[in-house]
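Peer 1: What follows is each chain in one-letter form.
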Amino acid sequence: GDSVTQTEGQVALSEEDFLTIHCNYSASGYPTLFWYVQYPGEGPQLLFRASRDKEKGSSRGFEATYDKGTTSFHLRKASVQESDSAVYYCALTPPRIFFGDGTQLVVKP
Amino acid sequence: DAGVTQTPRHEVAEKGQTIILKCEPVSGHNDLFWYRQTKIQGLELLSYFRSKSLMEDGGAFKDRFKAEMLNSSFSTLKIQPTEPKDSAVYLCASSVLGGSSQNTLYFGAGTRLSVL
Numbered sequence: 413g414d415s416v417t418q419t420e421g422q423v424a425l426s427e428e429d430f431l432t433i434h435c436n437y438s439a440s441g442y443p444t445l446f447w448y449v450q451y452p453g454e455g456p457q458l459l460f461r462a463s464r465d466k467e468k469g470s471s472r473g474f475e476a477t478y479d480k481g482t483t484s485f486h487l488r489k490a491s492v493q494e495s496d497s498a499v500y501y502c503a504l505t506p507p508r509i510f511f512g513d514g515t516q517l518v519v520k521p
Numbered sequence: 087d088a089g090v091t092q093t094p095r096h097e098v099a100e101k102g103q104t105i106i107l108k109c110e111p112v113s114g115h116n117d118l119f120w121y122r123q124t125k126i127q128g129l130e131l132l133s134y135f136r137s138k139s140l141m142e143d144g145g146a147f148k149d150r151f152k153a154e155m156l157n158s159s160f161s162t163l164k165i166q167p168t169e170p171k172d173s174a175v176y177l178c179a180s181s182v183l184g185g186s187s188q189n190t191l192y193f194g195a196g197t198r199l200s201v202l
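If you read the sequences in order, they're chains V and B.
Per my numbering: the first sequence = residues 413 to 521.
Per my numbering: the second sequence = residues 87 to 202.
Read the hints as simulated data drawn from the structure, not as lab findings.
Note that CB positions come from ideal geometry on N, CA and C, so glycine has one too.
Don't take every hint at face value.
On the chain B side, residues computed to face chain V include the following (Cβ under 7 Å) [claimed, not checked]: (1) Phe151; (2) Asn189; (3) Ala195; (4) Gly196.
Within a straight-line C-alpha distance of at most 30 Å, the following computed DSSO-like cross-link-like pairs (lysine-lysine) qualify [to be verified]: (5) B:Lys108 x B:Lys125; (6) V:Lys520 x B:Lys125; (7) B:Lys108 x B:Lys138; (8) V:Lys489 x V:Lys468; (9) B:Lys125 x V:Lys489; (10) B:Lys138 x B:Lys148.
Produce the complete structure using the sequences and hints provided.
Peer 2: Here it is, written out as structure tokens:
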């Protein structure tokens, strides 16, 4: 069945560090892939999405490239800030949306 | 544009009580979802409506959880009777059918439920 796997449950970094959160998926065809971010006290919100192989999604300095060959959509940011501390979810659709378990990012000043 | 509105933001209930959570989706959206969020289980789908018709309800939640969509702009989630293990954040989300934003979920801020 369709699924999303996020390897890291929690990531702790210092400001200006490089971030990678791994996301691998299992699905037939060409699902649409998403990254959502959730700040404390809020619901998840879309960071960006991608629908085709090799398509790059990006927003607020974060980026990820759809890779059908490796079934991955890893989230990266070159230089994190304390304000990036949040939970990040990888997701895919259709037929319905499947979320990964989420990765808690903690950035220390 | 108004986003997804959930009320109340916080709810405290005694074990065995009935509680009703409310959700107003984004105007014009066709799909509505209810999720439960906990640290251990993450996001769990409770119910999914398309154009007010129930498309899916999470099998494990059928017995005490009932979601309804009374009209295209209002939905409720009833938990009856509540148990302490129901303590969680309940999230409502909506999405539009068609267009470049198809399948993108817009979430409310959630209702934090504590069952004593």
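Peer 1: Okay, which hints does this one fail, numbers in order?
Peer 2: 1
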